[in-house]
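4 protein chains.
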Amino acid sequence: MTNKKIKVGIVGGTGYTGVELLRLLAIHPHVELTSITSRGEAGMPVADMFPNLRGYVDLVFTDPASANLDACDVVFFATPHGVAMSQAEALLKADVKLIDLAADFRLQDTAVFEKWYKMPHGCPDILKNAVYGIPELYRQKIKTAQVIGNPGCYPTTVILGLAPLLEQGLIDFSAPIMADSKSGVSGAGRKAEVGTLFAEASDNMKAYGVAGHRHHPEIHAQLTQLAGGKLDLIFVPHLIPMIRGMLSTIYVKLTAKGNSTDLQALYEERYEQERFVDVLPPGSLPDTRSVRGSNNLRIALHKQADTGYLTLLVVQDNLVKGAAGQAVQNMNIMFGFDETTGLEVVPLLP
Amino acid sequence: MTNKKIKVGIVGGTGYTGVELLRLLAIHPHVELTSITSRGEAGMPVADMFPNLRGYVDLVFTDPASANLDACDVVFFATPHGVAMSQAEALLKADVKLIDLAADFRLQDTAVFEKWYKMPHGCPDILKNAVYGIPELYRQKIKTAQVIGNPGCYPTTVILGLAPLLEQGLIDFSAPIMADSKSGVSGAGRKAEVGTLFAEASDNMKAYGVAGHRHHPEIHAQLTQLAGGKLDLIFVPHLIPMIRGMLSTIYVKLTAKGNSTDLQALYEERYEQERFVDVLPPGSLPDTRSVRGSNNLRIALHKQADTGYLTLLVVQDNLVKGAAGQAVQNMNIMFGFDETTGLEVVPLLP
Amino acid sequence: MTNKKIKVGIVGGTGYTGVELLRLLAIHPHVELTSITSRGEAGMPVADMFPNLRGYVDLVFTDPASANLDACDVVFFATPHGVAMSQAEALLKADVKLIDLAADFRLQDTAVFEKWYKMPHGCPDILKNAVYGIPELYRQKIKTAQVIGNPGCYPTTVILGLAPLLEQGLIDFSAPIMADSKSGVSGAGRKAEVGTLFAEASDNMKAYGVAGHRHHPEIHAQLTQLAGGKLDLIFVPHLIPMIRGMLSTIYVKLTAKGNSTDLQALYEERYEQERFVDVLPPGSLPDTRSVRGSNNLRIALHKQADTGYLTLLVVQDNLVKGAAGQAVQNMNIMFGFDETTGLEVVPLLP
Amino acid sequence: MTNKKIKVGIVGGTGYTGVELLRLLAIHPHVELTSITSRGEAGMPVADMFPNLRGYVDLVFTDPASANLDACDVVFFATPHGVAMSQAEALLKADVKLIDLAADFRLQDTAVFEKWYKMPHGCPDILKNAVYGIPELYRQKIKTAQVIGNPGCYPTTVILGLAPLLEQGLIDFSAPIMADSKSGVSGAGRKAEVGTLFAEASDNMKAYGVAGHRHHPEIHAQLTQLAGGKLDLIFVPHLIPMIRGMLSTIYVKLTAKGNSTDLQALYEERYEQERFVDVLPPGSLPDTRSVRGSNNLRIALHKQADTGYLTLLVVQDNLVKGAAGQAVQNMNIMFGFDETTGLEVVPLLP
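Chains as they are written, first to last, in the numbering used here: chain A, 1 to 350; chain B, 1 to 350; chain C, 1 to 350; chain D, 1 to 350.
In case anyone wonders, no lab produced these hints; they're calculated from the structure.
Be aware that one or more of the hints could be misleading.
[To be verified] List of simulated lysine-lysine pairs, DSBU-like, C-alpha gap at most 35 Å: (1) A:Lys5 to D:Lys5; (2) B:Lys253 to A:Lys253; (3) C:Lys230 to D:Lys257; (4) B:Lys93 to A:Lys303; (5) C:Lys7 to B:Lys4; (6) B:Lys257 to A:Lys303; (7) D:Lys303 to C:Lys115; (8) D:Lys7 to A:Lys4; (9) D:Lys303 to C:Lys303; (10) C:Lys230 to D:Lys230; (11) D:Lys115 to C:Lys303; (12) A:Lys5 to D:Lys4; (13) C:Lys303 to D:Lys118; (14) A:Lys118 to C:Lys253; (15) B:Lys5 to A:Lys253; (16) D:Lys257 to C:Lys253; (17) D:Lys191 to B:Lys118; (18) D:Lys253 to C:Lys303; (19) D:Lys5 to A:Lys4; (20) A:Lys257 to B:Lys257; (21) A:Lys128 to A:Lys141; (22) C:Lys5 to C:Lys141; (23) B:Lys115 to A:Lys303; (24) C:Lys257 to D:Lys303; (25) D:Lys257 to C:Lys303; (26) A:Lys253 to B:Lys115; (27) D:Lys4 to A:Lys4; (28) C:Lys7 to B:Lys5; (29) D:Lys257 to C:Lys257.
Using the sequences and the accompanying hints, generate a full structural model.
Pasting the structure below:
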């Protein structure tokens, strides 16, 4: 394995994906963290905002203007939507690779992007060559990508949960695909808002975004592409009183062939070589804590014979495989490192 | 209103439905709590086990043998399955009414009962005359019932959530009804088990009972009866890290007529006179804490026009409308009290 | 008992003490809620902000300017510090009684007030006649008070915890009194702040205000008054990941007489007539949930013979006895109602 | 650094200290896990009980009788009190080192041991040579120890928090040392007990062990030894609704010299070379999550000038520095590995 160290920058590191990137990159053997920017917090030591990093990250937040990101090999954007696309052209000119953890490079259809994110897309040409960063589906393209649109947290669970079925054409699209997804509160980010205060969100749960959530078009576009055809999707996310963890319970109608296929074997084979996708034994009921802090995603299959439907249970840590961990996995692939480098973290239980 | 006081007994009051019954009955103006039994804890003051009751309930747990339940007007069974049916005959002979919070009188089909509860039914004749205790559906029968099978927590949400549609024949049964239900941990009871320890269940969630949960046949039987015909049901319960609260997210395919009906108006009209069923304004996203500690159940409707499906969000406190509160509501009806007596508790928020 | 109904107004009802006042007052038999003000939320139905109140409170937030508070019999201030004192004079002229849940009328020494609250006191003359609203200590004065300074949450636990010892002169002031207090997060209020987000405050705890907390001078002044002399106080509050609940663990050095006194008997006798102060049996370890949602405060005494120290454990619901419940208790006294009216709420457990 | 791999066994790995040892040892570069025993669970794959270990630990629980622990270089005991001392002699004969995470080798005074643990000590001669495993105090002895008594969780915080003061004689023992300690629920272990169920322990807190806790004599003995003289200790532990995390708030009376000493400088100097003890800047208020999952212990000092007292805030992860992490740290020292090997885990936040 190479001993090369790459220079890494992070734009907008004051949110949860930012601190999670730092947690993972701080001990990554091939990474030299060179700068982390924040307009609002310039001058503050990172470890003052995130005390878990004290002793591990010595960086100070710098103003974006003086961050010298051009000298990086890769820059992660842990920013609100719209920031990465405003800086992409300049960085690419400086031969810097770019991994965006927001939505700027997730949706190839700019009209859909503009509808859901209420802003015009700033660099459609770059978008065309951006790669949707799910390694288990697009590893070859990621190897040579300049720009990665790192997937949303919910989409990662639904897409990896359904990919084997879609690739084999085993879903009957006469019924909609239903994804009833549940997320811990960290998914809402580190913004100060009443709705996610402890005293509001604790001992409480609710559905949200039922009338439309930004991850709906993202999931829909990816599933459609894998299916090679039209399909309906009902996606209902829920806010659950836990810090980390995501569970998607997915219901699909199987085709006749799907009903007669050994789906367990199909999934095990499909993901056999994937370190971070774990197909559980038949009958499993994965709990989210079993992947807490790790880049693992786990899938369990439950056929409901009488109805011809399949129920899938997919769990991940929304901040790791659902965000920062997958971003690091993408970086490893882009730079030819072993894909698991820095990601062999044993989940924290209890 | 009457000033009559009835004598009330509780069998097996050491679990969460027991303490919840006590919380509600302790300040019920028409109730005199005369005895509460526990084989294991005989002699212990109730308030020693449940310190919230100190100053409100002076009873001591008594051995069932010496409880003199025959002198009660009504006895609640907050016991494991199988206990109520073993004592029903004797109590009925003594002219005592009986409200069972376990499953002994929920399933009219004894074969189904025996399959799921692994015991023969002890009193099928009494079962035949027992009433399934959802007041909003069976109020007239409850008035004259001797025996109430108090509904399960999950069934209450799904049945009340779907009743208006089923009564009007607006669900297309070519697709299964799907209930993705989420419950706080108190639903698992007060048994000492590793899986519901704080350090196991906190900051964690999971689906369970996917291969079959005892509430499936109960829900299925009730929905079938309301529908007057065959239907498929997929029911997946989930364990959520909160003490109280239940949310069922229900997905149904509408008939053509269902798609063209003003469902919001239908629901509002159907439940207009129901104090404890609250149809929320269009677009609502109910959170479970908004009913914490109260007997309220709230329903929100979300039509998903493109797909012809309707998503229902139904929340309740699993220990109140899902158990003890509904039982008290049934008692009120059986004895001619105002149905809301003792149940006008404002939910506790935050 | 009287059947009189009084007109009640609330200024600034958008925080947790506001919603808690509403929860209690909504079902208070002698209260007619006539107005609730909020500058920012005028026009919004109260139940839209606090969905637990839907079906119980029909009021709409009104602008303070149009609230016609002069027509009230009593006005509660659930506002930031400084608001009540700016409106007190006008209300008193209109013969309206005033209960302030902020700090404007808690500290008789205006220099201390100004040091800690960074504002001059606006009405020192009114302050002089204001009564510190702990009924168990100052019931007679409360009966005729025009203005109540409702105590802080922490002070309520420490003062009621120590009053019997101070009244009898049993504490040796050669050592400081130490109050190590722990509070649920609702004590920090309903402001949107990063530090009290679920993902920050959950599965976490910390001390705060060690260098000085505003409740220190309040506790110190009250203890000094009860002691009739000088004493030192060390007070360290802690933020605990729970919604409601407060526990003060208090350590005091006893005098020789204190060491030889039957303190359990002393406390039981002192509080025998107090419905809301519950002296627990010897050896008790009160948990905060045992008073959740209720106006009860519980005290347990633990003598540590070898050291000559006494450890007191005092628990309450910080939003009830620590705020809104005590305010309603004060109102009941001021208007001649039975002191427990509207406050006989059985604590919610689990 | 050596590339040597040592053979490691774990006796009794079904509790939280067991799974935590496995989490740390699974990726320790110098460790070969050879056996893990459990009488009750023999034959079960470890990863079936602890799903976070799936993919990291392939071991199966074996019966103690067939575990062949004699072939190990070191055996950890994550067992109830009394087990390690029953097997120590045999293991030592086989030249196996032993690290006990229970109390068998923590208390040199066997009379005290027998009083608190209700059993005679089985091997007082071995106990005499056992070393109390706090590396920051006893590193030299640990290097050559055969048997380590790994400290209790509470004692680690109090002892490391006070060591610099005691070493310099800066505490005035005319007042007792007071340790008001708070622990997450995982400290109570993985036993199925009602009191630590989620629905009991969540949204709740309480003091416990006020009349006497087993860690009191352990702390007292260690402090006395460091002080070289008699002192009084008041120790009150509290149960807090969080999984991991421990905070001890310690109050000590300073001597005149203590009051005039720059304690911040003293602590920083004392622990300057200690990777796992972090003296925070003046004014710090450490939160427990800042060390979650890591072996770090953090100390903040707050002088309270008026009173002559010092308040110390000490936080750690009770399962890591308070148990398994410290045990691994001891192992590293005993076998000549770099002391931080396998322990450079960045804390998980949020």
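Agreement of lysine 257 (chain D) and lysine 303 (chain C) with the hint, judged by alpha carbon distance not exceeding 35 Å: holds, 31 Å
Proposed proximity, lysine 5 (chain D) with lysine 5 (chain A) (alpha carbon, max 35 Å): Holds, at roughly 28 Å.
Satisfaction of hint between lysine 4 (chain B) and lysine 7 (chain C), Cα-Cα up to 35 Å: holds, 33 Å
Given pair status - lysine 253 (chain C), lysine 257 (chain D), alpha carbons within 35 Å: Distance of about 24 Å is within 35 Å: holds.
Satisfaction of hint between lysine 303 (chain C) and lysine 303 (chain D), Cα-Cα up to 35 Å: Between lysine 303 (chain D) and lysine 303 (chain C) the Cα gap is close to 27 Å, so the pair holds against 35 Å.
Pair hint outcome, lysine 257 (chain B) versus lysine 303 (chain A) [Cα-Cα no greater than 35 Å]: holds, 31 Å
Pair hint lysine 5 (chain B) and lysine 253 (chain A), alpha-carbon separation not exceeding 35 Å: Since the Cα atoms of lysine 5 (chain B) and lysine 253 (chain A) sit roughly 55 Å apart, the hinted pair is violated (cutoff 35 Å).
Holds or violated: lysine 253 (chain A) to lysine 115 (chain B), with C-alpha atoms at most 35 Å apart: holds, 27 Å
Given pair status - lysine 303 (chain A), lysine 93 (chain B), alpha carbons within 35 Å: Not OK: lysine 93 (chain B) and lysine 303 (chain A) at ~48 Å, beyond 35 Å, violated.
Given pair status - lysine 118 (chain B), lysine 191 (chain D), alpha carbons within 35 Å: holds, 28 Å
Satisfaction of hint between lysine 141 (chain C) and lysine 5 (chain C), Cα-Cα up to 35 Å: holds, 22 Å
Hint consistency between lysine 7 (chain D) and lysine 4 (chain A) [alpha-carbon to alpha-carbon, up to 35 Å]: Holds. Lysine 7 (chain D) to lysine 4 (chain A) sits at ~33 Å (cutoff 35 Å).
In the structure shown, a violation is registered for the earlier hints numbered 4, 14, 15, in ascending order.
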